[in-house]
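**Q** Chain by chain, the residues:
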Amino acid sequence: MNAQVIIETNDLTKAYDHILAVDHLNFHIEEGEIFGFLGPNGAGKSTTLLMLLGLTRPTEGSAVVCGYDPVRMATKVKRIVGYLPENVGFYGDMNAVQALEYIADLNSIPRAEAKRKIAEVLETVGLSDSKEKKVSAYSRGMRQRLGIAEVLLKDPKVLFLDEPTLALDPDAAFRMIELIRSLNRERNITVLISSHNLYEVQKISHRVGIMISGKMVAQGSIESLAKEKFGVGGKSYSLEEIYMKYFQEV
Amino acid sequence: MRGILAIYEKELSDHFSSNRFVILFALIAMVSFITSYMAGMHLRESLEGVTKPRFVFLMLFNTPGALFSMVQFVAFFGPLIGLVLGFDALNRERAHGTLVKVVSQPIYRDAVINGKFLAGATVIAIMVVSIVLVIAGFGLALLGVVPGVEEIWRLVIYVIISIFYISFWLGLSILFSILFRGIATSALASVALWIFLSFFVSLGANVLADTIAPVDRQKGASAEEVIKNARIKEAVSLFSPMALYSNASGTIIDPMRKTTRTFVLLGPIEQLSASRFQNPLSLGQSLLVVYPHIVALIAISLICFAISYTVFMLQEIRM
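Sequence order for the protein chains is W and S.
Residues in the first sequence are numbered from 53 upward in steps of one, following my numbering.
Residues in the second sequence are numbered from 2 upward in steps of one, following my numbering.
Calculated directly from the structure, the hints in this document are not laboratory data.
Computed from a predicted structure; not experimentally measured.
For glycine and all other residues, C-beta sits at the position ideal for the given N, C-alpha and C.
Check before you lean on any hint, since a few could be wrong.
[Stated by the list, open to error] Now the in silico label distances, taken between C-beta atoms and shown as ranges:
#1 S:Gly149 x W:Ser188: 52 to 62 Å
#2 W:Leu218 x S:Ala193: 37 to 47 Å
#3 W:Gly178 x S:Val23: 31 to 41 Å
#4 W:Asp121 x S:Ala236: 32 to 42 Å
#5 S:Arg232 x W:Asn139: 54 to 64 Å
#6 S:Tyr292 x W:His76: 57 to 67 Å
#7 W:Asn139 x S:Tyr292: 44 to 54 Å
#8 S:Val23 x W:Ser191: 47 to 57 Å
[To be verified] List time: in silico SDA-like cross-link candidates among lysine to any residue, alpha-carbon distance up to 20 Å:
#9 W:Lys128 x S:Leu6
#10 W:Lys209 x S:Pro107
#11 W:Lys169 x S:Arg3
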């Protein structure tokens, strides 16, 4: 596969009070792939995502997202990148349609077009039946799907999903993963997914990156990582085994 | 620009549908009704037999009926409106995880804070204008006087000063909502600063003036001492936005007030010369007297907003 690189970082670094949260990070994501972003809590994954969106200024280094520098052209990047933060919040007194209308307004989508798109994204995430319900009455799985609907509204080329299956019940998590996979296949959306659920990541990712203490210790397809660590390729090792191996070494 | 508009519209509709706004508006409408009614009754009695009273209409706003006049009421409790509208503006969004979502949309980050401030200021403007109109209508019915052109202009200026004054407190509470993570903390901090600036600064002014330039009243103080004491008192109390506002609005609403300074009448000659100017000031002259106060009031509102703006732009969006 000779796909185009859509996201690239170049010694991306973020320091908080001289503690390096992200330490000279170099990685790239190709167009149309699902990139599994792994690592323990506090490894700097969320900080990296915020820097790629231009919401946090890197201390050093640079990044290119869809041809734009997120530091100088943040609004351009945010127009084509959909970001679903960890524990995304909603205004509880709105219903799904109102929440989506607000997001459409923020994206400068004209009202008539927004109406059509809102119906469409609600259909995609399977919330059409409960669109009149107040968001405060939603279950966690429904809230996450509404979060996906919100980011789909702007027709993103890239999705950043930060722990989209965290604290979901198995059924909801499964549906979320299937939804992500179908978005990637049918609309050719590049997905960067950060997760602790290695089984899920293994199921949908084309390539993974393992980040520990601000450094990307490994990146590549699961088979190539297995080869690197265990000397054997193929599917004989699960991602969990590979991850633990890297984790113990650091 | 579009981002500001979207946030402005959402905040405005949030304000209007919130219980907080309804309670606040009901309270203020009630108090202004009562004060204007009191003032109206009082005016009716005191103007009995006066052939050609002047500026009766404005007196509705500055005559203390039973407790306080409308002007004094806004000076005291206007800040509360601003504080209530803004104290949880940003930390609530942060706590609920909606701030990250909003700023990850293709808008500039300052749109959030600009939209919120403008929405709050609009609510304030609507409140002030409607209250003044209610009182004016009440006055028409109660007293049967029609306001003159100059009176209307004075009221317009009064409304503008009041909007800036209350917006200053809105800006302040938004600043606290950026600085403090806890909603209760920012509410408490705003109220504390309100009490300090409104009540303790004038107390402090007295103490400071008496320390720097003591006036010995038993021995009979010299003119210089008394004047120096009064000047220091005034200079210090101008640190209080409430003093700025009371002076500015009081002079605008009352054409008979010639100065914002406390009169120090020393002898019969001064008293005589003061009594020679019994005619009201023209609007232009009144404006000239309070011009510095108005500028200072607008300046502190803008400075307050500028600080919130800078802090918010530099702050980490997470945490």
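**Q** Given the hint that Lys128 (chain W) pairs with Leu6 (chain S), does the C-alpha gap stay at or below 20 Å?
**A** holds, 19 Å
**Q** Taken at face value, is the distance from the CA of Pro107 (chain S) to the CA of Lys209 (chain W) at most 20 Å?
**A** holds, 14 Å
**Q** Regarding Leu218 (chain W) and Ala193 (chain S), is the given constraint of 37 to 47 Å on their beta-carbon distance met?
**A** Distance hint for Leu218 (chain W), Ala193 (chain S) holds at roughly 39 Å.
**Q** With 52 to 62 Å as the target window, see if Gly149 (chain S) and Ser188 (chain W) comply at their CB atoms.
**A** 54 Å Cβ-Cβ, so the 52 to 62 Å window holds.
**Q** Range hint 47 to 57 Å: satisfied by the CB atoms of Val23 (chain S) and Ser191 (chain W)?
**A** violated, 31 Å
**Q** State, for the Cβ atoms of Gly178 (chain W) and Val23 (chain S), whether the hinted interval 31 to 41 Å holds or is violated.
**A** holds, 37 Å
**Q** Starting from the range 54 to 64 Å, see whether the pair Arg232 (chain S) and Asn139 (chain W) falls in it by beta-carbon distance.
**A** The hinted range 54 to 64 Å holds for Arg232 (chain S) and Asn139 (chain W), with Cβ atoms some 57 Å apart.
**Q** 44 to 54 Å was suggested as the range; check whether the CB atoms of Asn139 (chain W) and Tyr292 (chain S) agree with it.
**A** Holds, since Asn139 (chain W) and Tyr292 (chain S) (Cβ atoms, about 52 Å apart) stay within the stated range.
**Q** Is the distance from the Cβ of Tyr292 (chain S) to the Cβ of His76 (chain W) consistent with 57 to 67 Å?
**A** Between Tyr292 (chain S) and His76 (chain W), where Cβ atoms are some 58 Å apart, the hint holds.
**Q** Tell me if the beta carbons of Asp121 (chain W) and Ala236 (chain S) are separated by a distance inside 32 to 42 Å.
**A** violated, 51 Å
**Q** Hint check: Lys169 (chain W) vs Arg3 (chain S), CA-CA at most 20 Å. Holds or violated?
**A** The hint holds at about 19 Å.
Of the numbered hints listed earlier, those contradicted by the structure are 4 and 8.
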